[in-house]
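Given these sequences and hints, build the entire structure.
Chain order of the listed sequences is A and B. Going by this note's numbering, the first sequence opens with residue 1, and the numbers climb by one from there. Going by this note's numbering, the second sequence opens with residue 1, and the numbers climb by one from there.
Among these hints, one or two may not hold up.
[Said to hold, decoys possible] Here are some of the chain B residues that sit facing chain A, going by a computed Cβ distance under 10 Å:
| hint | residue |
| --- | --- |
| 1 | P45 |
| 2 | I114 |
| 3 | A387 |
| 4 | N443 |
[Stated by the list, open to error] Derived DSS-like pairs: lysine-lysine, alpha-carbon spacing no greater than 30 Å straight-line:
| hint | chain 1 | residue 1 | chain 2 | residue 2 |
| --- | --- | --- | --- | --- |
| 5 | B | K518 | A | K212 |
| 6 | B | K90 | B | K499 |
| 7 | A | K379 | A | K8 |
| 8 | A | K89 | B | K19 |
| 9 | A | K7 | A | K334 |
| 10 | A | K89 | B | K518 |
| 11 | A | K212 | B | K5 |
Because the hints were derived from the structure by calculation, they are not lab data. As the structure is a computational prediction, the values presented were derived from the model and not from experiment. The beta carbon of each residue, even a glycine, is placed where N, CA and C say it ideally should be.
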Amino acid sequence: MLDHTSKKIKERKALVVNPAKTCQPIGAMYAALGIHNCLPHSHGSQGCCSFHRMHLTRHFRDPVVASTSSFTEGASVFGGGANLKTSIKNVFSIYKPDVIAINTTCLSETIGDDLPTIIKDSEIPKGKFVFHANTPSYAGSHVTGFSNMVKAMVTNFSEGKGDGINKKVNIIPGYTEPGDMRELKRIVKIMDIPCILFPDTSGVVDSPMTGKYEMYPKGGTRVGDLIDTGNSIATVALGSFASEAAAYELEKRCKVDAHILNLPIGIKATDELIMELVKITGKDVPYELEEERGQLVDIMTDTHHHFHGKRVAIFGDPDHVIAMTEFTLSLGMKPVYVVTGTPGISFEKQVQKMLEDSHLQGMVKSSGDLFALHQWIKKDPVDLLIGNTYGKYIARAEDIPLVRFGFPNLDRSVHSYFPIVGYKGAMRIIEMISNALLERVDRDAVDEDFELVL
Amino acid sequence: MIKLKNIQKILEEYPPKVKKNREKHMVVKGLDEKHEIEANTRTIPGIITNRGCCFAGCKGVVLGPLRDVVHIVHGPVGCSYYTWGTRRHKGRSEAGEDNFLSYCFTTDMQESDIVFGGEKKLREAVKEAYELFKPEAITISATCPVGLIGDDIHAVARDAQNEFGIQVLAFDCEGYKGVSQSAGHHIANNVLMRDVIGTGDAETGKYSINILGEYNIGGDGWEISRILSKIGYHIVSIMTGDGTYKELKSAHKADLNLVQCHRSINYIAEMIEVKYGTPWLKVNFIGIESTIKTLRHMAKYFGDQVLIDRTEVVITEELASIEESLKIYKKMCAGKTALLFVGGSRAHHYQGLLRELGIETVMAGYEFGHRDDYEGRDVIPYIKMDADSRNIPELQVTKDEKNYRLYLSPEKIEALKKEMPLSRYDGMIKEMKGGSYIIDDLNHFETEELLKKLKPSLFCSGIKDKFVAQKMGIFSKQLHSYDYSGPYAGFKGAIVFAKDISMGMNTPTWSFITPPWKKIPMLEGKIVKEVGAC
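Given below as structure tokens:
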């Protein structure tokens, strides 16, 4: 497995091998699925749309439907205006969504299609919405695409004066699983805080089987609520890479205060979220949450010997990786290699600081790839790998246990139904890490050291 | 005719322009003699097609499986990323042999590369790839923006080839070329034919063959090779599942070319025949009867009694080994119906296997087949070339005076043509039952409507369709990825397929869809009781 990856590291300036990111439009497509009765539309040649649907479908094992402008060579030279107008007409008459959320690709961005003008000149039935986000694949990553689409939701829908008239808190959950979005809604519900979560893919890509296929499932943030985000008390944006652009946009447009937090993965980050919500709303923290937190600390204490001092490599999307790095430190682990494929110097700064504060030396890289990560591991191995499905090649090559974390998870199921955020999610992560490490202890033990109780 | 009504109803839902377009892509078998279908035309924007792009057809399908080659994708990160490990073209290498199948290589173009051009970065990337991996060859595949910004990938390839002394091949497979994956097949075929095939000089044995258009999904190619080797064939090269650049170079030295996937590789099959004199045989290793038929055709082509006898021995042995399991699955499948919608060949190839299991195919369609895949190669002279396909280059080859040779005399070939599909393919429609539907470039709306109206037991399609059907309670088998199972080809594969679909159609989970409280009239019962109590 990966036999051509050598220990010897040669600097690469141009060739990326086994990337730790993918391109913008898939993130935008995912975000758009978080609007109720919305059809994502890909303005480019149809290959992108198929690839993005394919990948999301494999991750969620649920239908992911989106339309495309299906550029031909002619449109690529003379512009895709006619393709988009035809698309909008066909989509509304055949598929009848309430909203079409358009993302762009490297094709339409390179030729410079003017989307606002094309949309303005299109036939849009009364009461229906068409909006777009520019998502050039040659900038940033899928996380950037998600961020751009969420920002576009604000630009196109949010109205209000930020006077908190609706008594709600906006929550932007980041590029997370529907299980996480459900957990966030549960937390604010038990805190008795009315909220608008957007985008919200719960009930969309984790829809039940009923014997009837629903093209637009029950879930997704309603357009009315998107508009209402401008009337909220505050916006809590989780994960700066995925969520802060929209929160700042909302602050700019409607004067709703933006509160940027880390993704609430692990105890510290969840504490911060709860404290911020208390600060914003003045609400008390109910016993139910306190109990969950206490249970989590109890578990962490009971099991600390499982992970203490273990060297771990973490890769994936920046918001996830930043939060996970912090959590592994809280567990007494050593996150020695920390990589994201998404560009952004703030990632390196944040992670470096965490490591320094813990007196740890490690390699940290944004715009990194899995080939480089593998080379580091070859030189100086780790006890655990935390990352998406693509980590399984390295895990196998180097015989390291892998905890599947983040997007995409193509070779295991059920992950999208359960949270990794909040105290509950932290418990689940501990269970995953413990199980991975202990399975390895069992596998490697000689008979006389094979323990019944661990 | 009820059958026609179903299609009419679907078409009536469309805006007039869409209706006019789509009705040409739909045929009911037996309605007229000609069965002319429109295919390989541009996709209707916004229709929710299943199609992919030219890049997918070139790099994803034809080139990607060549395991000893570093395939560099020149573009932003997505295109390479989505073709990394997602198509299950398996490959294994002997110790010391190159195998890059678990890798993904890209120039990861950034904004500055779009603005100032990406040629410099590509040059550097090829150099780095060469220095790091020392592969047999390198391919460069273009993606959408490359053609638009005018990067000269051919100049980069030429210079790198001179500098490093290995072949570096450039493919103009920008995603917007043509109307589907199909254009990419053609582009890949052209370059492999022009620059690779014919450059090698490997020794070939008796009964030497190439297997064309077989990508070893889930190990299909290995099952086919197992059977052929058992009989005594010498496989010179496989295009391209578990294939190598090294073997491909000597493909011109085989005595017969087998064509499994007609759509993706017929260009090479035809060109080899013109240039080197080797005829091709349309084969089908999917299904037991088709496999047997294919093996007998092959034996007859070589005409050697030892080979013919050996073929029969192997067939008997193989049949005996699957007989028992086949009986079980036939019982589980009998009387069921299926809809088939797969890329450019499987929608045809699987019909025989399904029939053997007792399953009737009531609708079949291709994403990107051409008219010849539907109607047979006889219609090729009548296919109108449209503007979208005109830009895909046609490679003209001529007789290679040095390497041209005829294994059989032209007279013998002519005689054999009457008995087997030599350099001929009759298409899908001919094999289908009267009253069945043939629909090209089926879209999401049509899929949903047909599933509701026809209520098949089985829907064979891809990942994007799978969960749509299953939400309705209809088992959907992926015929691209085989749902991570396989092989499905050959004798053993037929049993694996039969087992998989029997399992899928009969899994206990279907019975849980309706909750018990929706099956039993609970409320009613209580009211009656209460009334009684009064």
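Consistency of the hints with the structure:
| no. | hint | result |
| --- | --- | --- |
| 1 | P45 | 4 Å, holds |
| 2 | I114 | 5 Å, holds |
| 3 | A387 | 7 Å, holds |
| 4 | N443 | 9 Å, holds |
| 5 | B:K518 to A:K212 | 14 Å, holds |
| 6 | B:K90 to B:K499 | 21 Å, holds |
| 7 | A:K379 to A:K8 | 8 Å, holds |
| 8 | A:K89 to B:K19 | 14 Å, holds |
| 9 | A:K7 to A:K334 | 22 Å, holds |
| 10 | A:K89 to B:K518 | 39 Å, violated |
| 11 | A:K212 to B:K5 | 23 Å, holds |
Violated hints amount to a single one, hint 10; each of the other numbered hints is respected by the structure.
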